[in-house]
Amino acid sequence: MNAPSSNALPLPHAATGQETGWLYGWITTVDHKRIGILYLLSAMVFFVIGGLEALLMRLQLARPNNSLLSPDFYNQMFTMHGTTMIFLVGMPMLIGFANYFVPLMIGARDMAFPRLNAMSVWLLIFGGVLLYFSFVTGGAPAVGWFAYAPLSEQAFSSSQGVNYWIASLLILGVGSIATAINLITTVVSLRAPGMTMRKLPLFVWMSFITAFLILFALPALNAAIVMLLMDRQLSSFFFGSFRGGSAILWQHFFWTFGHPEVYILALPAFGMISEVLPVFSRKPIFGYEFVATSGVVIALLSFGVWAHHMFAVGLGHMADAFFAASSMLIAIPTGVKIFNWIATMWGGSLRFTTAMLFAVAFLVHFTIGGLSGITFSAVPTNWQTTDTYYVVAHFHYVLIGGTLFGTYAGLYYWFPKMSGRMLSERLGKWHFWLAVISFDLTFFVQHILGLIGMPRRIYTYPDIPHWATLNMISTVGAVLMGVSVLVLLANIIWSLRHGQPAGDNPWKAWTLEWATTSPPPEHNFERVPPVRSRRPLWDLAHPENPDPPIAGKTAPESPYLEKNFVGMWSFILTEATFFIMLIIAFVYYTGSERNKNPHALADLNLQAASVFTVFLLLSSFTLWRAEKKLEQGRHKGFYVWLSATILLGLVFILGQGREYLGLFHRGVTFNNSLFASSFFTLTGFHGLHVCVGLMGLLIVLALGWAGDYKAGRTEAVRTLGLYWHFVDVVWIFVFTTVYLVGPRL
Amino acid sequence: MTTTQFLFSGWDWNPVMAVFCLGALLNYFVVFRIVNWRRVGLFLLAVLLFVIAICSPLNTLARNYLFSAHMAQHLLLLLVVPALWLLGLPRQTPTPLPQEAAAGKTPITSRRVVLSWTAGVGAMWLWHLPALCNAAAGTPWVQQLQTVSLLAMGTLFWWPVLSPQRSRLLAPLAAVGYLFTACMACTLLGIYLTFSPVAVCAAYHHPQDPLGILPLIHQGWGLTPAVDQQLGGLLMWVPACLIYLSGVIGQLTRWYVGDQAEAASTFAAIAKPSHPGNT
Chain Z
6 MNAPSSNALP LPHAATGQET GWLYGWITTV DHKRIGILYL LSAMVFFVIG GLEALLMRLQ
66 LARPNNSLLS PDFYNQMFTM HGTTMIFLVG MPMLIGFANY FVPLMIGARD MAFPRLNAMS
126 VWLLIFGGVL LYFSFVTGGA PAVGWFAYAP LSEQAFSSSQ GVNYWIASLL ILGVGSIATA
186 INLITTVVSL RAPGMTMRKL PLFVWMSFIT AFLILFALPA LNAAIVMLLM DRQLSSFFFG
246 SFRGGSAILW QHFFWTFGHP EVYILALPAF GMISEVLPVF SRKPIFGYEF VATSGVVIAL
306 LSFGVWAHHM FAVGLGHMAD AFFAASSMLI AIPTGVKIFN WIATMWGGSL RFTTAMLFAV
366 AFLVHFTIGG LSGITFSAVP TNWQTTDTYY VVAHFHYVLI GGTLFGTYAG LYYWFPKMSG
426 RMLSERLGKW HFWLAVISFD LTFFVQHILG LIGMPRRIYT YPDIPHWATL NMISTVGAVL
486 MGVSVLVLLA NIIWSLRHGQ PAGDNPWKAW TLEWATTSPP PEHNFERVPP VRSRRPLWDL
546 AHPENPDPPI AGKTAPESPY LEKNFVGMWS FILTEATFFI MLIIAFVYYT GSERNKNPHA
606 LADLNLQAAS VFTVFLLLSS FTLWRAEKKL EQGRHKGFYV WLSATILLGL VFILGQGREY
666 LGLFHRGVTF NNSLFASSFF TLTGFHGLHV CVGLMGLLIV LALGWAGDYK AGRTEAVRTL
726 GLYWHFVDVV WIFVFTTVYL VGPRL
Chain V
7 MTTTQFLFSG WDWNPVMAVF CLGALLNYFV VFRIVNWRRV GLFLLAVLLF VIAICSPLNT
67 LARNYLFSAH MAQHLLLLLV VPALWLLGLP RQTPTPLPQE AAAGKTPITS RRVVLSWTAG
127 VGAMWLWHLP ALCNAAAGTP WVQQLQTVSL LAMGTLFWWP VLSPQRSRLL APLAAVGYLF
187 TACMACTLLG IYLTFSPVAV CAAYHHPQDP LGILPLIHQG WGLTPAVDQQ LGGLLMWVPA
247 CLIYLSGVIG QLTRWYVGDQ AEAASTFAAI AKPSHPGNT
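Read top to bottom, the protein sequences are chains Z and V. Under the working numbering, the first residue of the first sequence is numbered 6, with each subsequent residue one higher. Under the working numbering, the first residue of the second sequence is numbered 7, with each subsequent residue one higher.
Since the hints were made in silico from the structure, they are not lab data. Small disclaimer: the values here were computed from a predicted structure and weren't measured. Heads up, a few of these hints could be off.
As the list claims (entries may be wrong) - So, partial list: chain Z residues that the calculated Cβ filter (under 10 Å) puts toward chain V:
hint : residue
1    : Ser75
2    : Pro76
3    : Asp77
4    : Ser240
5    : Thr298
6    : Leu305
7    : His322
8    : Ser331
9    : Lys601
10   : Pro748
Claimed, not checked - Here are some chain V residues the structure puts well away from chain Z; computed CB gaps all over 12 Å:
hint : residue
11   : Thr9
12   : Ala30
13   : Leu64
14   : Asn70
15   : Pro96
16   : Leu151
17   : Val154
18   : Leu217
19   : Gly218
Glycine included, C-beta positions come from ideal geometry on N, C-alpha and C.
Based on the provided sequences and hints, a complete structural model is requested.
Below is the structure:
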């Protein structure tokens, strides 16, 4: 368990600067620390771009009846600002810190899958470039960051912008899911001896929970945007209400993702605060267990409350009442955290460094944002304030006052570790006061603007009493916020050259990342210190007065904790969620279309499908036999059973092709009914997975011929086997839904 | 009939139930005595909620009128009552067999866990298949079978998490996954029931109305068949998940608090030999 992996191929030797130049070294890197920095740098670049977009909007709104931006360009600005800040700044920023510090904090040498890690960061960069490329194709998307249908359909947004938005989000989604799998596997499989789950630093805990949120939330978005893409490119009409589709389903799918996304952006910041506050209060965190548990509770609750984004839709009083109640519940675990943080500071000897100041600012502003959030869970209030500037103020208090200030705290705290130099405290204080004052100036007045009736997403407004003044205050604040970011950038650039050398542990902190040099060597640790409590470095420095040890067995070498196994299971969980979304769509559309199109399912060939189902299920059996043979070292038997598996899989795919051709002959094509669209989407994605599995099996077969398994390294077979069985199980559900339940819906 | 009249007259004092409940209580006090008042309280609560589910006006509504009342009854019998009565049983001290402890085996087999999970989630889904749901609403013996099976499957479901034999419990983090996936499964059904345009349980759309309270339900309470089904779905979706979530919190608490004594001794065993000299 302590060795990074049992069967990984050796990592490519990182090219050193002398050999190939620094640029090549950064591009080809698989080191989690460099990848973390790449994440942070890209987040920084997009942060500046997204900030400039916000400034343009604020300048346009500074005066009534202003004409600085055209209406359409204004719409593009708020869409790009939202999308950029969520997907290209918020997530990469937090993932970047997780990438850099999770392995260090658990005493690991690297992430579990370094190459996958590199793929994720380049997908992020590629996805970001693709999104911005839309500007030169005739206009960026102008549909808002949640791209409500039917506005986002081809009929109403005919430029390429939305297509680029979809493609970019799909790519970013794949990258985020890959990172989530990587983080989960790293935490589960690569912890240093002694670092049991009960001793995990809270930042690691929160990143771990966030990874699960990504695993379960992103597939909902992916399913929705794939369906939207089909609407736009293959003229289906999933969300096109003008042809019988359901625009509401888009909202359901989007917010199934969208609400957990809020916590994807908040939980890692909670983790940073939980690291920073104790260190600068010189006290251990108060109620470690409560902070960790409430994180889990928030994550679970976050999946059950998305409908509070849709109170204005008209789901019915009954549904509204239930979701109002469950949304209010989220305030409890969040409140628990706030009180824990306050209690951590209580009676401590506080050191008001810039990191600490930002952590305190986080507490204040996040609480304000949380309180205004609770007002939305009351349905009548929600109806009054929905789509006004009150909403804008609320989520900026959460995302800037919460996430961004939390991340600033983390940045000032960890910058010395990453660079080897301290950030200037003088410039830091300037940055802090500018950031806090300008932020409150910009967004506090927006609460009032919203309550006196200013709707969001309008490019200009008439000269109504108070609106002009309040908007002008907000714009001045926004410009100052821009200045504060410039101060931060200046601080970073200046400190990288002239900052005080940091030493290993400048803050006298207690978690493992401070036990190595700043910046850490490529292999992270010469020797991981013993971990007996939650503050291993405190124990090292104070052997006479160590923390009470936390017991709990470090799991023995278990095949269930092997990293490929854990990684594949995480992948299966996220894929299963994706298929659940597609099955929901199928059930919904087939059921709702039954009155109009009663014979839609009569075209399906149940008998043939049953026969081919048997073939697919048999392939699971043959693969199981193949694995057994390999375990026994009988390689010939292994090849025979594996080849049989591949043949059976091929027969299944051919059977699917036959079904498709039959449907085409009877005139059932992708775009002529909701049943057909959802049928082809669901079975098509399953078929795609079968094909991927077949390719994997062929690769395994080829590796086997090449003699890869002679030495007993059979994890590849075991891992791919899991995937293949999963694909078969999915088919059981798809078959049941489409062929058995479908006709009765 | 007014609501108050109905709430007073809707009770169904079934002698079999009375005997069963008294028997259960008597059995409890004879076998376990009163060791821990908290546990006795939980057991009494389980019996009380069972009586409410079976004998109160809720049952009358569930049998004849309202899908949502049926759902409330279903949740009480499947999730609440079994959990409470298991919690009410006195804990047994952990005495793992020496050979088990030596081999480091998990005390509960994965087959048992899968069986339990399937029982709990299966009971949820199975009894809401239109045919079974209609049968249970119309035929008394099917309804009795449903009651018994819900209690049995609920007990089976909670067993790996709340069993009084502590050595046979599922590991806490695994139990979190166990409960979370169960929550997902019942959320899916809840979503379907909430938003389904078709009647899942047609019996409730055309009730017999033996008490003549249908106008009261439709107009007085505003529970038309469509709203009723939506409410039923929401009950399964939100409160049911909160029950699982409470289970998750309980498991995390068990994990963090742990068995202090056991933890301390484990630590003493591993810490002594590896005490480093570099501090």
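Hint by hint, here is what the structure shows:
{"no.": "1", "hint": "Ser75", "result": "violated, 40 Å"}
{"no.": "2", "hint": "Pro76", "result": "violated, 36 Å"}
{"no.": "3", "hint": "Asp77", "result": "violated, 35 Å"}
{"no.": "4", "hint": "Ser240", "result": "violated, 25 Å"}
{"no.": "5", "hint": "Thr298", "result": "holds, 5 Å"}
{"no.": "6", "hint": "Leu305", "result": "holds, 6 Å"}
{"no.": "7", "hint": "His322", "result": "holds, 8 Å"}
{"no.": "8", "hint": "Ser331", "result": "holds, 5 Å"}
{"no.": "9", "hint": "Lys601", "result": "violated, 12 Å"}
{"no.": "10", "hint": "Pro748", "result": "violated, 13 Å"}
{"no.": "11", "hint": "Thr9", "result": "holds, 19 Å"}
{"no.": "12", "hint": "Ala30", "result": "holds, 33 Å"}
{"no.": "13", "hint": "Leu64", "result": "holds, 18 Å"}
{"no.": "14", "hint": "Asn70", "result": "holds, 21 Å"}
{"no.": "15", "hint": "Pro96", "result": "holds, 26 Å"}
{"no.": "16", "hint": "Leu151", "result": "holds, 24 Å"}
{"no.": "17", "hint": "Val154", "result": "holds, 27 Å"}
{"no.": "18", "hint": "Leu217", "result": "holds, 24 Å"}
{"no.": "19", "hint": "Gly218", "result": "holds, 25 Å"}
Of the hints listed earlier, those the structure fails to meet are numbers 1, 2, 3, 4, 9 and 10, in rising order.
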